[in-house]
Amino acid sequence: MARSNEEGAMWSIFGYLLSGLLVWGGIGAAIDHWVMHRNHWFMLVGFLLGMGASLYLVWLRFVKE
Amino acid sequence: MRAFAFEGGFVPPSTADFNLPPAFGNSEFTTKPILLVFLSVILISVFFILSSRKAAVVPSKLQFAGELVYGFVRNDLGKEIIGAEFMRFVPLLFSLFTFILTNNIFGIVPLLQFPAMSHVSFPYVLAAFPFIAFHYVGIKKQGLGHYLKGIAFMPGVPKAVYILLTPIEIATFFLVRPLTLSLRLFANMFAGHLLLLVFIMGGDHLIKGVIGLKLVAPFSFTLGIVMTFFEFMVQCLQAYIFTLLSALYIAGALSDEH
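One line per chain: the protein sequences are Y and U, in this order. Position one of the first sequence corresponds to residue 1 (the working numbering), numbered consecutively onward. Position one of the second sequence corresponds to residue 1 (the working numbering), numbered consecutively onward.
Just so you know, these hints were derived from the structure itself, not from any lab. Hints are not guaranteed to be accurate.
Stated by the list, open to error - Capping the alpha-carbon separation at 35 Å, the derived lysine-lysine pairs in DSBU-like fashion look like this:
1) U/Lys54 with U/Lys79
2) U/Lys208 with U/Lys32
3) U/Lys54 with U/Lys32
4) U/Lys140 with U/Lys159
5) U/Lys61 with U/Lys79
6) Y/Lys64 with U/Lys54
7) Y/Lys64 with U/Lys159
8) Y/Lys64 with U/Lys79
9) U/Lys61 with U/Lys32
10) U/Lys149 with Y/Lys64
11) Y/Lys64 with U/Lys214
12) U/Lys149 with U/Lys32
13) U/Lys159 with U/Lys141
14) U/Lys149 with U/Lys159
15) U/Lys141 with U/Lys214
Small disclaimer: the values here were computed from a predicted structure and weren't measured.
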């Protein structure tokens with residue numbers, strides 16, 4: 001039980017981190033593409049924001065309980 | 001990659017090696033992966049029908065083997081993870097596990113030697129089953145509104161933070177979960193098959209070279225054999241992880257709070 005739960009938790013965490021990066025990095029990249037046209041600062045901000053948010057989410061789901 | 005290969009040089013294996021021509025006829029439906037998938041279904045059916053037909057209290061070797069696989073999926077994946085209602089999902093988990101395991105192991109069975117899962121369309125379809133199953137179960141158990149609310153809104157968070165978290169939650173449940181499920185299986189099988197191709201084809205090329213190269217060829221073949229055993233481990237592990245995560249997702253949808 002413990003072993004398979006750890007395995008599952010690992011992949012759930014991986015999923016959260018990945019989708020945090022995808023969603024907010026994607027939103028940032030979209031802003032860069034449609035609004036800023038030249039540089040990629042919003043994508044960078046989006047990645048950092050997504051990373052932070054998904055880490056927070058992982059903490060909420062797996063540490064706090 | 002093939003464009004860079006010069007006359008007599010080593011042609012490294014590439015994605016082109018995965019697009020096999022039709023085994024017979026001229027149809028897209030008679031290629032090796034598709035035939036292997038049909039073969040796997042026949043093999044699984046025959047094995048489990050034979051092993052359960054003359055079920056006895058004192059099991060024969062065949063019945064014992066069949067029950068070992070079934071018991072593993074039922075108890076270690078179904079009962080342990082899903083809990084009280086696990087029996088409903090054992091057929092799904094059992095089919096997924098045996099089907100993926102058999103097709104993966106085809107990757108190292110002599111003459112067959114091709115994992116169908118290294119074509120990404122097979123894992124996509126396979127991931128659709130647990131994806132539909134866990135959403136259906138969750139909606140049926142909790143009601144559509146309550147289920148979606150449980151996914152999108154984590155309890156115990158200030159309201160402003162939902163702007164950050166809700167898109168991530170929704171993307172995780174509806175996009176990343178089926179995608180990681182299928183791509184993990186695909187990538188492992190693809191990379192494993194490519195690895196074996198590199199060592200075996202490389203050894204084959206070396207042994208046809210000058211004497212110095214001939215001496216190194218055995219090392220390449222040896223590593224090819226070592227990697228075959230390593231692949232066997234990966235193939236079993238991937239079938240296990242796919243089923244395990246399917247069970248975990250179903251268990252998550254069944255429990256009230258996420």
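Verification of the supplied hints:
With a C-alpha separation of about 26 Å, the suggested pair U/Lys54 and U/Lys79 falls inside the 35 Å cut-off, and the hint holds. Between U/Lys208 and U/Lys32 the CA atoms are separated by roughly 29 Å; this keeps the pair inside 35 Å, and the hint holds. With a C-alpha separation of about 34 Å, the suggested pairing of U/Lys54 with U/Lys32 holds against the 35 Å cut-off. For the suggested pair U/Lys140 and U/Lys159, the alpha carbons sit about 28 Å apart, so the restraint of at most 35 Å is met.
For a cut-off of 35 Å, the pair hint linking U/Lys61 to U/Lys79 stands: about 25 Å separates their Cα positions. The suggested pairing of Y/Lys64 with U/Lys54 is violated, with an alpha-carbon distance near 52 Å, which exceeds 35 Å. The hinted pair formed by Y/Lys64 and U/Lys159 meets the criterion: a straight-line CA distance of about 18 Å does not exceed 35 Å. For the suggested pair Y/Lys64 and U/Lys79, the alpha carbons sit about 26 Å apart, so the restraint of at most 35 Å is met.
Of the pairs offered as hints, the one joining U/Lys61 and U/Lys32 holds, with about 32 Å between alpha carbons and a cut-off of 35 Å not exceeded. Simply put, U/Lys149 and Y/Lys64 have alpha-carbon atoms about 20 Å apart, close enough for the 35 Å limit, and the pair holds. At most 35 Å may separate the alpha-carbon atoms for a hinted pair to count; Y/Lys64 and U/Lys214 exceed this at roughly 60 Å. For the given pair, U/Lys149 sits about 45 Å from U/Lys32 by alpha-carbon distance, which is inconsistent with the 35 Å threshold.
Taking the CA atoms of U/Lys159 and U/Lys141, the gap is about 27 Å. The hint holds against a cut of 35 Å. Between U/Lys149 and U/Lys159 the CA atoms are separated by roughly 14 Å; this keeps the pair inside 35 Å, and the hint holds. A hinted pair counts as satisfied when its Cα atoms are at most 35 Å apart, and U/Lys141 with U/Lys214 does not qualify at roughly 65 Å.
Hints 6, 11, 12 and 15 from the list above are not met by this structure, while the remaining hints are.
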